[in-house]
Amino acid sequence: MEAEVKDKIVSIEKPELVAPPDWKPVIMGILCNWCSYAGSDLTGTSRMQYPPNIRIIRVPCSSRVDPWFIIKALQTTADGVLISGCHPGDCHYISGNYYARRRFLVTKELLKMVGFHEHRVQYSWVSAAEGAKFAQVVKKVTEDVVKLGPLHLYKKENFSK
Amino acid sequence: MDYSKQIQDIAAKLFTDGKIDVFVGYRMNGFDDNQVPAVITDPKEVSTLVFTEKSVFNLSNYLKADHTRNKRVGLVVKGCDSRSLNLLLTESQVKRDKLYIIGIACEGVVDDKGQKVQNCMECIIPDAVVYDEILGTPKGKKDYIVNADIKALAEKGLVERREYFEEIFENCIRCNACRNSCPLCYCTKCCIDQETATIYNGSNTSSSAFHALMTWSLHLAGRCVDCRNCEKACPSHLPLHLLHKQNEKVIFGNFQNHLAGVEEGDRGAFYKYSLKDPDDFIM
Amino acid sequence: MARVGVFVCFCGANIADFVDVPTVVEEAKKIREVKFAIDYKYMCSDPGQQMIRDAIVQHRLTSIVVAACSPRMHEKTFRKALSDAGMNPYLLEVANIREHSSWVHQKDKKAATEKAGDLVRMAVAKSIANEQLHEISVPVTKRALVIGGGIAGIQAALDIADARIPVTLVERSPSIGGRMAQLDETFPTLDCSQCILTPKMVDVASHPYIELIPYSEVIELNGYVGNYKAKIRKKASYVNFKTCTGCGACWQKCPVKVPNEYNCGIDTRKAIYTPFPQAVPNKPVIDAEHCTMLLKGKCGICAKVCEKGSIDYKMVDEVIEREIGAVVVATGYDLWDATPYEEYGVGRYKDIINSLEFERMVSANGPTGGVPVRPSDGKVPKTVVFIKCVGSRDKAKGIEFCSKICCMYTAKHAILLHHKVHDSRAYIFYMDIRAAGKGYEEFVNRAQVETGAVYLRGRVSKIYQKGDKLMVRGEDGQLGQEVEVEADLVVLATAVIPYKENPALARLLGISYDKYGYLSEAHPKLRPVETAKAGIFLAGCTQAPKDIPDTVAQASACAAKVCGLFAGDTMKKDPMISTVNNEFCSGCQNCVQVCPYQAIVTEEIPLGHGAKEMRTVAKINEGVCQGCGSCVAICRSMAITLAGFTDPQIINEIVAI
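So the protein sequences, as listed, match chains A, B and C. 1 is the number of the first residue of the first sequence in the working numbering; add one for each residue after it. 1 is the number of the first residue of the second sequence in the working numbering; add one for each residue after it. 1 is the number of the first residue of the third sequence in the working numbering; add one for each residue after it.
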């Protein structure tokens, strides 16, 4: 029994939850249009390779990211969330990422307290020139989430989609 | 701490001077020694007003109700209540010139068993910060104390914490009493009632409770004054303060010791920023 | 019911080699709302676009998803295809399956295909929530406001006016001309500053498209690009400019003497004065702070001598309003006060002056008739020590940045000194010589060779008095030893700092400024003349220290930007901006606080239908909003929506897979 569990991938927050054999984590990436999305495009044009688990959503600015997007993603489809914006001082909209940064920290700490591993939600600053950094970030987040196992906060069947 | 007589006198004078239309205070509930909020429009009822350490509710919540809106109101506020009132003033929900505020230099309130409640033991600003007159001797600001429950939770393991909170979300019946009792939840239409927010959630599942409570606590992050009206109102007796105190701890520790509503004009922590805000948690 | 069309591109082999495109199409067809899905080799080509146009008509599609390259690449192309087919272009969504899938997962075709399928699902889900949007066109008031009448403001105003666009030029002091009017000769050609500036000043005054408002300040600016309203306070001059002939009888007879700002306080002017002989407009003003008639009600000499009766002691400040479309800010610079340099004895020794004071002394129209003299005893100095980088590049006492112009004007001063006092010698203490510019290095060489100026690389550590001389002790870094120079006069090249009221002006205009008070450009490299606020531009030293050629170039660039802005009768604007739903808005005004563009104002609306009582709600100015969404995310009651990135759109994307 013990050995079996070890072979299987188990949710770190909920050990009774065992991943199905074909489990692949889903990372929801929310990127700002001007820096990180452009950076992720550069990763593509430079043909740098990263794990295929991330699904990218484009928003105008990291300040557009309402914390409940993160909550919603964790609740429904994602095993991990990556949010990326412009470096401090480089925000296309002057100060958006500073406001976003405050919300991110509080959201992260709150999720941590209610029993989410801190690697479930990660943040990065990726500029339009940092294609390589984007690939690294995605690689790191994916590896982290694979280690954490499935999230499955609430079963998908519960949603009246 | 018994200011019943003073408050009765002040209220009576305010009514005779024609300075107020409504007075919001406390009265006995009529069957045990607990109190309920009293919204008085008739000067004759002034004698029912009381204020003791059993005056637990945050009355600034009543300023958003229809019977006080756009009227001249007399109001009793303790330290925490005055901070939420300050935020209501800052966020243009009430007008200062329509209020007559009786501030209390609060010594802490007690629960049913006569025990001083936790938020009063950890209270940082016991004196009213906004008032027209203050009763009692101001004691000044105290040092910030991290909530004992938050400390205890932080020491628990991830699995344990998750289990604990899943149970909380499961026990929530989505009655929205917490939201309705919160003085700072005054939105015309609350986000968790809106179609866009609930459509993927169902209405009464632990998933929707997770979404609602998390969103709600994040909307109060940097604004919550720890009056615990929500907890008093919760029929399931959920420890809702955990969410708020966690946010308060993070905000106080990281954003230049920000505390909600201490100064007039100071908005919540999410509506300003500093270049010195922590950045090391971001890759 | 939504009817979505999905168009998957091969992008030649770029996508097709690493993503199984037909599978993606099959996956798309499984989505309930997708009524049509097809692939093609090059979707962005003409036949590809034609497929989209045909399908829109044939299948009555309500929104389109193109799975191809990054939306940053071809979103505009496909939007155009949609509008050509009579469909609202904003009903398009692009699934980025090239940059985000085929190019980055080249080793795992199965995973890349799966991901491409998910990206299509997300785009379809988002497109269902897409709404028809329409480009916003904002009317433009074709008038520019130029703040500051120095060389930057003059150049910008002339260039704009030459394009037949009306300009209002506001100058704080009684005359335009600014700092350049105070200069004697200019580097590197040593042509006379006045000779090249005054014709331009006269042009400004006589230009049919320029309205010159001297002795006034901008006190309010409301509105947004193309539609600003400016309030200008015209200070009372107590002289009727319409009748005044500028004969000068008044100021010749005025008994009150006041330190002369134009000459850096070296000599005096009268209480009624024109700042300098070539002033434009060449009409005197009364300095209300010093006029005895205005202060005590006694005197009145100027009124008595004025033949035209132009003096009016009862004149009051006047507020002028102008509707304008664009603003050029050219407030210029001040010199840093060197008092923190205690070891130099600044303020203690009279014979330490700053470079602008030296400039005035060597000017032909200056207070000393073009000959430098020692302020202490009026003697002509023989040995003059120039100290560069006083305050500049000094984090401890002054300012971190390099003031840029000091190296050049100090070389110029050495040459001018040599010209005026032939047997003099200049000693120049410097940190580096920064002479990047056309003819600049040659000019510095000329100063060294022609005048015999001694360049000493090092900092001055102390200045003290010995007899009537000033002993300047410093270090000669090249010899590695201490030197001491017996100087008659010490000239400090103090740091160039922005006009002291820049921060207040920036707040008034709603633009940002840096820690020194310099106004911030929108992008340090690619948008050096724009500010972050559309329609407000920067020229000259208000942005950073600059010499005259750079200032003029930037001013002309501003003019080009203004002319570009005014090229059409209306401006087109992206419709992806925020709007407020009044019903939901609770009026907390936190969004007003968060908006980086001051695009949010408040308005009063009835509390309910037909109610008398009012409540406050937020209102977004569509001309100003840039669509960042900061307000949307902080709006707790979800009253604000950002078109193109609404909550339903993003949530649809999140839950689609």
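One should not assume that every hint holds.
[Unchecked claim] Below are the DSSO-like pairs computed for lysine-lysine, each with C-alpha atoms no more than 27 Å apart in a straight line:
1) B:Lys95 <-> B:Lys113
2) A:Lys140 <-> C:Lys107
3) B:Lys276 <-> A:Lys133
4) C:Lys561 <-> A:Lys140
Read the hints as simulated data drawn from the structure, not as lab findings. Predicted model, so just to flag it, every value in this text is computed and none were measured.
**Study point:** Given pair status - A:Lys140, C:Lys561, alpha carbons within 27 Å
**Key:** Violated - the C-alpha atoms of A:Lys140 and C:Lys561 are around 45 Å apart, more than 27 Å.
Exercise for review: Would you mind confirming whether the straight-line C-alpha gap from B:Lys276 to A:Lys133 stays at or under 27 Å?
Suggested key: 24 Å, holds
Practice item. Could you grab the alpha-carbon distance between B:Lys95 and B:Lys113 and see if it respects the 27 Å cut-off? Key: Roughly 38 Å separates the two Cα atoms, so the pair is violated.
Review point. When you check the alpha-carbon spacing of A:Lys140 and C:Lys107, does it fall within 27 Å?
Key: Answer holds: A:Lys140 to C:Lys107 is near 18 Å, not above 27 Å.
Of the numbered hints given earlier, the model fails hints 1, 4; all others are met.
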